[in-house]
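Trainee: One letter stands for each residue in the lines below.
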Amino acid sequence: MLITELKANEVIRAAISGKVFVLNCHGCREIRFPEHEADAFQAELTAEGIVTGIFTTEYICNDENLSVILQPHAAAIQAADTILVFSCGVGVQTVAAMYPGKRVVAACDTYALPGFQGVTPLEHDCKQCGECYLNLTGGICPITACSKSLVNGQCGGAKNGMCEVDPSMECGWERIQKKLTALGRLDVLTKAPVQLRNYATDDLVNK
Amino acid sequence: MRITELFDNGEFVVTAEVGPPKGIHLGHLVEEAKEHLSGITAVNVTDNQSSVMRTSTLATCAMMKQAGLTPIYQATCRDRNRLALQSDLLGAAALGIENILCLTGDHTKMGDHPGAKPVFDLDSVSLLYTASQLEKGYDLAGNELVGEPPKFAKGAVVSPISDSVDAQLAKMERKVMAGADYFQTQAVFESEKFIEFMERAKQFGKPVQLGVIIPKNAGMCKFMNRNVAGVHVPQYMIDELAADKERAKAGITGVEIAARIIKECRPYCQGLHIMALGWEAKVPELMKLAGL
Ligand code: SF4
Ligand code: SF4
Numbered sequence: 092m093l094i095t096e097l098k099a100n101e102v103i104r105a106a107i108s109g110k111v112f113v114l115n116c117h118g119c120r121e122i123r124f125p126e127h128e129a130d131a132f133q134a135e136l137t138a139e140g141i142v143t144g145i146f147t148t149e150y151i152c153n154d155e156n157l158s159v160i161l162q163p164h165a166a167a168i169q170a171a172d173t174i175l176v177f178s179c180g181v182g183v184q185t186v187a188a189m190y191p192g193k194r195v196v197a198a199c200d201t202y203a204l205p206g207f208q209g210v211t212p213l214e215h216d217c218k219q220c221g222e223c224y225l226n227l228t229g230g231i232c233p234i235t236a237c238s239k240s241l242v243n244g245q246c247g248g249a250k251n252g253m254c255e256v257d258p259s260m261e262c263g264w265e266r267i268q269k270k271l272t273a274l275g276r277l278d279v280l281t282k283a284p285v286q287l288r289n290y291a292t293d294d295l296v297n298k
Numbered sequence: 002m003r004i005t006e007l008f009d010n011g012e013f014v015v016t017a018e019v020g021p022p023k024g025i026h027l028g029h030l031v032e033e034a035k036e037h038l039s040g041i042t043a044v045n046v047t048d049n050q051s052s053v054m055r056t057s058t059l060a061t062c063a064m065m066k067q068a069g070l071t072p073i074y075q076a077t078c079r080d081r082n083r084l085a086l087q088s089d090l091l092g093a094a095a096l097g098i099e100n101i102l103c104l105t106g107d108h109t110k111m112g113d114h115p116g117a118k119p120v121f122d123l124d125s126v127s128l129l130y131t132a133s134q135l136e137k138g139y140d141l142a143g144n145e146l147v148g149e150p151p152k153f154a155k156g157a158v159v160s161p162i163s164d165s166v167d168a169q170l171a172k173m174e175r176k177v178m179a180g181a182d183y184f185q186t187q188a189v190f191e192s193e194k195f196i197e198f199m200e201r202a203k204q205f206g207k208p209v210q211l212g213v214i215i216p217k218n219a220g221m222c223k224f225m226n227r228n229v230a231g232v233h234v235p236q237y238m239i240d241e242l243a244a245d246k247e248r249a250k251a252g253i254t255g256v257e258i259a260a261r262i263i264k265e266c267r268p269y270c271q272g273l274h275i276m277a278l279g280w281e282a283k284v285p286e287l288m289k290l291a292g293l
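Read top to bottom, the protein sequences are chains A and B.
Per the numbering used here, the first sequence runs over residues 92 to 298.
Per the numbering used here, the second sequence runs over residues 2 to 293.
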């Protein structure tokens, strides 16, 4: 199972900008979602008048399905500067890949719990690291896209843009660099404080 | 002596690197270093380089120091978690080894124990930050150290000819933020590209040592072009080495090429880092030819 927990409100506020379209994934049965906190926070944002739309659905990790069910919301998404996604890490990555030019923000951290792992499509992967880094990396997961799961930038091993460990795989940090550069948001990474992984996520979940 | 003091004095700092053997007899390594590398400022000691298991870097550094050389302790994040790295950094400082170089390290799969667990609890940036915290008198968890804190010259690496040079510069910026005092670069064969890189890197205001490999022969260069990240030897240099095999074998061509690169790049950098790869004996000659 996985469990998603809301990031601190200030953290989410720091990551979003302008008008916001909210996408909730109540997901698969294997996931526990912080519905009430999410609703309360979304109500706050709505009261501030910055929300262009809220859509709650399931299985946003299925991108074919997602692109169909989002069609009625195209105008609201178009009007938004940020798509704020309340889902596990796979969901956020799916949306980020679908809207490469938009600021896609993860509102949740994803933790692992024992049991089934839910639906994981092939393209995106989430290791439920407990401290979702997608807001630093343009929606590309550094834990699964980098062979060393580095969280502070590229190692010296990339050759021709490919990973030192697996030359058939594009270097995850090369992808992150390109994505952030295309979004004009490289400073999100370069100016971020030094990142340290926290491996004591069991404690965090039980808090 | 911390090499940062020399950079501060405007000196052109020259270092070279040696790798400990897979075995306990370090005498030969230390003797060779004494014989050929006494004329330079400091000697990097690599840490299980290329993920191939070797004798402890720290032990080798201690022996180098005993022999009167100034070691630079290279620490990678591949084999140790944050507890082990911190205790080794403190151990180094306790032995009077204050020059360090913080690296992420190659993946375990690249070396001779491919089934080993890759640690990467920290990375080069967070390791530099860790050393900075220790200098302030705290460990990474915020606990106070006992007594006077250590003081390091904290080095880092950057790959100026990398095909991912933008990502390398972004990382360099983070390393500076985390406390890097100086940089050593991956080997450079194309001076123009290095000079272009330095134009962009000088904004960080940290001394950069040009990385140089003495090319041994055409085959070695072709191998590096295929396999070594961030290294590119242009075809005309490969041809130069291939033109006279005897001259190349004697090291004459390689030393000439390396000296040329050093002369071209010297006005743009603050030091030199030589990766002799077994040709330590050629270092004094290279220095002379490069006018150092
Ligand atoms: S950073 Fe990656 S592994 Fe961690 S929660 Fe986000 S998507 Fe999952
Ligand atoms: S080459 Fe890229 S993907 Fe591979 S370990 Fe280094 S930073 Fe990670």
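A couple of the hints might just be wrong.
[Stated by the list, open to error] Derived, one-sided and incomplete: chain A residues facing chain B with beta-carbon distance under 8 Å:
id	residue
1	S240
2	L241
3	G252
4	E255
5	C262
6	E265
7	G275
8	L277
9	V285
10	L287
11	N289
[Stated by the list, open to error] Restricting the straight-line Cα-Cα distance to at most 30 Å, the calculated cross-link-like pairs of lysine-lysine (BS3-like) are:
id	chain 1	residue 1	chain 2	residue 2
12	B	K289	B	K66
13	B	K207	B	K137
14	B	K194	B	K137
15	B	K217	A	K250
16	A	K269	B	K194
17	A	K282	B	K207
18	A	K282	B	K217
No wet-lab data here; the hints were simulated from the structure.
These numbers come from a predicted model, not from an experiment.
All C-beta atoms in this analysis are idealised placements derived from N, C-alpha and C, irrespective of residue type, glycine included.
Trainee: What are the numbers of the hints the structure violates, in ascending order?
Mentor: 7, 11, 14 and 18
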